[in-house]
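Visitor: Starting from the structure of chain P, add chain L where the hints point.
There are 2 protein chains.
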Amino acid sequence: MKRVINFNAGPSTLPLSVLEKAQRELVDFRGHGLSIMEASHRSKLYEDVHNGAIEKMRNLYTIPDDYAVLFLQGGASMQFAMVPMNLYRGGVIEYANTGAWSKKAIKEAQIQKCQVQIVAESSESNFDHIPDAHFSDTCDYAHITSNNTIYGTQYKCFPETKAPLVVDASSDIFSYPVEWSKIDLMYAGAQKNAGPSGVTIVIVKKSLIENVSEDVPTMLRYKTHADANSLYNTPPTFGIYMLSLMMEWLEERGGIEAVAQYNEEKAALLYDAIDNSDGFYTGHARRQDRSLMNVTFNIRNKDAELEAKLVAFCEERDMIGLKGHRSVGGLRASIYNAMTIEGVQKLVTAMEDFRKAHS
Amino acid sequence: MKRVINFNAGPSTLPLSVLEKAQRELVDFRGHGLSIMEASHRSKLYEDVHNGAIEKMRNLYTIPDDYAVLFLQGGASMQFAMVPMNLYRGGVIEYANTGAWSKKAIKEAQIQKCQVQIVAESSESNFDHIPDAHFSDTCDYAHITSNNTIYGTQYKCFPETKAPLVVDASSDIFSYPVEWSKIDLMYAGAQKNAGPSGVTIVIVKKSLIENVSEDVPTMLRYKTHADANSLYNTPPTFGIYMLSLMMEWLEERGGIEAVAQYNEEKAALLYDAIDNSDGFYTGHARRQDRSLMNVTFNIRNKDAELEAKLVAFCEERDMIGLKGHRSVGGLRASIYNAMTIEGVQKLVTAMEDFRKAHS
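Those protein sequence lines, which keep their order, are chains P and L. Residue numbers for the first sequence, in our numbering: 1 to 359. Residue numbers for the second sequence, in our numbering: 1 to 359.
Just chain P, with the same shape it has in the complex:
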């Protein structure tokens, strides 16, 4: 069986053992005579999967009891709208603009006529760093994008604020331990670190979602889903099942701390290859804000022709998904939880071989 090394930004690589387990169970789920896809969401069979996924998330990520864990749909893009719908109280809301996704989040709050303050911004240097953000303590909420998939930057430490902190963790959820005392709402699409596309994870302090305007549609209220354990209507059952397998896999890997250590090692290999290339490769992000999830780099003088050649060179070695986003150009290696160190090593070798041939 062929298996490529998949550096796509999302949907992205999943652990082979998880896919193989899903394959074994696909037609006959654990001897029950049906696929988990065919099970009623009101059946004990499915509810065990659903509640098991939540329990594993709580244990692995040490989510406090006063936080709800929700499975929604629509991706982070839907959260850009749901967050202000549920959390805006008529005051000011503050956003740090650290890239394309932050911008979209800001735009959705503006569409809802919220009073939005952009308190930090790094667009003037093409979002190559995480700007210092001083959020007020009195805003309705403060919003950050913890990892910027396109630009390859990542918060190493969350800003301090007494206001509720909302974190779009779409591209780094479950990749390192977080301090819940600092976070009031975290959201993420599952398709990078936690499963396939089609499941959106929201982890939110329950007290924050109790009061919601009666004008908000039922499906767009966090409270609807929190009160119903994410079973208000039919959830994306197969996606949640895949997420439960991913949580089991994270457990087997030794939990979030072990995975975080592994992620550090993978990223170090790539950043070292860039930094030790005598200027042949240049990283897009400033060193102190480099992402452990998305490594963005160019070739000297942003030589687009040579960059395209490197992408093709890697494809010949069965490495795919390396073309950088058009906003940065160059290459981007997305190395989420499921990317192996062996995969990263192969990429480093290819980068070295290519550099020697073209220096």
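If a hint is listed, it holds; no wrong ones were tucked in.
Just so you know, same-sequence chains aren't split out, so a pair can sit in one copy or run between any two.
Listed below are the simulated BS3-like cross-link pairs for lysine-lysine, each with C-alpha atoms no more than 30 Å apart in a straight line:
hint : residue 1 : residue 2
1    : K44       : K103
2    : K2        : K44
3    : K44       : K302
4    : K205      : K107
5    : K104      : K156
6    : K205      : K56
7    : K44       : K346
8    : K44       : K104
9    : K107      : K223
10   : K156      : K205
11   : K309      : K44
12   : K206      : K56
13   : K104      : K302
14   : K223      : K104
15   : K107      : K182
16   : K44       : K223
17   : K302      : K103
18   : K162      : K113
Simulated from the structure, these hints should not be mistaken for laboratory data. As the structure is a prediction and not an experimental result, all values here were calculated from the model.
Guide: Then chain L, alone, in the frame of chain P:
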């Protein structure tokens, strides 16, 4: 391998051949060295699946070119909110109330402060029939629920109106040929007739969604998704892949007309068993409005104890999901496209055996 006969109302049974194909392809999709779940939604690999699903839907269901085919998320429950957000023009909107799902659709329009008229209603007889609905020609839109999953009733003919007709076809999409000249927007969750949960199908006349208020969040505008071929953000890729396999299967079965004929035969077997039971079984729905998808029935005198015994009796014969919804009690056999005639025959035999033992 064990295989139960699954009469669940949704998520529900899928064709064994479809599940087996998905299983074969799950780890290594058609020799590409990755799962379709791992493919970028911007890759040709995935786009071929995505566009193939749309094309097959268009061919099978004879969807005219001036209609957009959209893959959304959130199920019919999200459509209850999206329809008025996109189609309400400040006038009156008219709904036929034929059951629990119609009621929810009405409630969401009311939450949005639309002027809602309920022009037909069958609650006084526990929604056992489809009431005549006279929609005005001047309302912003008219809304019906084509099949009522809980009560087992179904429109045999859509109401005539010059206003745009919106059809919630969650439980009978793709089960019979429709006249698009009568329909302006159809929506459905995929998890009954068309695939797993997590994909919502919207088929809508393009001219109807051109003008949308700037206050509507980007993700909740049909136009956003129509303009981007449902790739505005990451779609539920695996669910859409499963839907594409379901469309192939429908083709292999001879298309929608052949499947509709088969569905008639399946339903006739069950309704005959009810009607020829000397009053032991009584159907909930009035004869002229009986659903071909969900067959709802009670045992004489609505004997709940005996009904529970029949459910257990069927489970012993590997038939599951037959317990009726609490609003009707009794039993409900959901016999969507993927239910086989052999499965229905086994249920009929069990009903006969049970009746003989308890008459």
